[in-house]
Amino acid sequence: NAGVTQTPKFQVLKTGQSMTLQCAQDMNHNSMYWYRQDPGMGLRLIYYSASEGTTDKGEVPNGYNVSRLNKREFSLRLESAAPSQTSVYFCASNPEGGSLRAFFGQGTRLTVV
Amino acid sequence: KNEVEQSPQNLTAQEGEFITINCSYSVGISALHWLQQHPGGGIVSLFMLSSGKKKHGRLIATINIQEKHSSLHITASHPRDSAVYICAVRTSGSRLTFGEGTQLTVNP
Chain Y
71 NAGVTQTPKF QVLKTGQSMT LQCAQDMNHN SMYWYRQDPG MGLRLIYYSA SEGTTDKGEV
131 PNGYNVSRLN KREFSLRLES AAPSQTSVYF CASNPEGGSL RAFFGQGTRL TVV
Chain V
611 KNEVEQSPQN LTAQEGEFIT INCSYSVGIS ALHWLQQHPG GGIVSLFMLS SGKKKHGRLI
671 ATINIQEKHS SLHITASHPR DSAVYICAVR TSGSRLTFGE GTQLTVNP
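From first to last, the protein sequence lines are chains Y and V.
Those letters in the first sequence? Residues 71 to 183, per the working numbering, in order.
Those letters in the second sequence? Residues 611 to 718, per the working numbering, in order.
If you're looking for bench data, these hints aren't it; they were derived computationally from the structure.
Note that the structure is a prediction, hence the values are computed from the model and not measured.
Just so you know, not all the hints are guaranteed correct.
Unchecked claim - Reference excerpt, derived from the structure (chain Y facing chain V, CB under 7 Å, subset only): (1) 109; (2) 113; (3) 171; (4) 172; (5) 174; (6) 176; (7) 177.
To be verified - Ranges between beta-carbon positions, derived for each pair: (8) V:640 <-> Y:78: 26 to 36 Å; (9) Y:86 <-> V:688: 39 to 49 Å; (10) Y:150 <-> V:690: 36 to 46 Å; (11) Y:85 <-> V:662: 44 to 54 Å; (12) V:652 <-> Y:111: 40 to 50 Å; (13) Y:123 <-> V:660: 21 to 31 Å.
Unchecked claim - Partner residues aside, some chain V positions facing chain Y, computed with beta carbon under 7 Å: (14) 651; (15) 652; (16) 653; (17) 655; (18) 658.
Think of the CB as a built atom: it goes at the ideal place given N, C-alpha and C, for glycine as much as any other residue.
All chains should be built: construct the whole structure from the sequences, respecting the hints.
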């Protein structure tokens, strides 16, 4: 049982490049989330998906797009990376809207130069 | 003012000490989570609670809904407890709002 798997773990991009962060969970959870973590600001929600086929904006969605193609996978795309998107990104999932614990991926450390 | 405030921001203790980390929030919640972020960056969910108290090993979490306050206690602390501890509250729907975290260092 792998839980929540994120790839890649590290990435360096040049300004303007695009990339997709992949996230998959094998726990049959409905809800999945993408967060970014920055010093002094805690974890902030970028996008979330309450169920397969649905996505909603979080606190800081600008510059990102997401895709929930199936129940297992929730990807985060940066179409044109900017230095302000240098951060650590976490994917998370939980089985219901609010009743049970959340599971986190190991994180992706992204640097945009 | 953040909706979730943690204190202290940094905490250094000697092995064996009893540790308390506090979390106050200003919004209505359906649940509160305590998370542990290891030095390598991974995040683990320690507790999810909506009332009362939960205990797991040397960790105890309490919540007072009326006072909008939660505490995480670590008894007989150990250097391996060194980590960032994050409080998060579940407000509307399935979304979490996070505190900034408390960096705990336990010295041998």
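Looking back at the numbered hints, which does the structure fail to meet, lowest number first? 1 and 12
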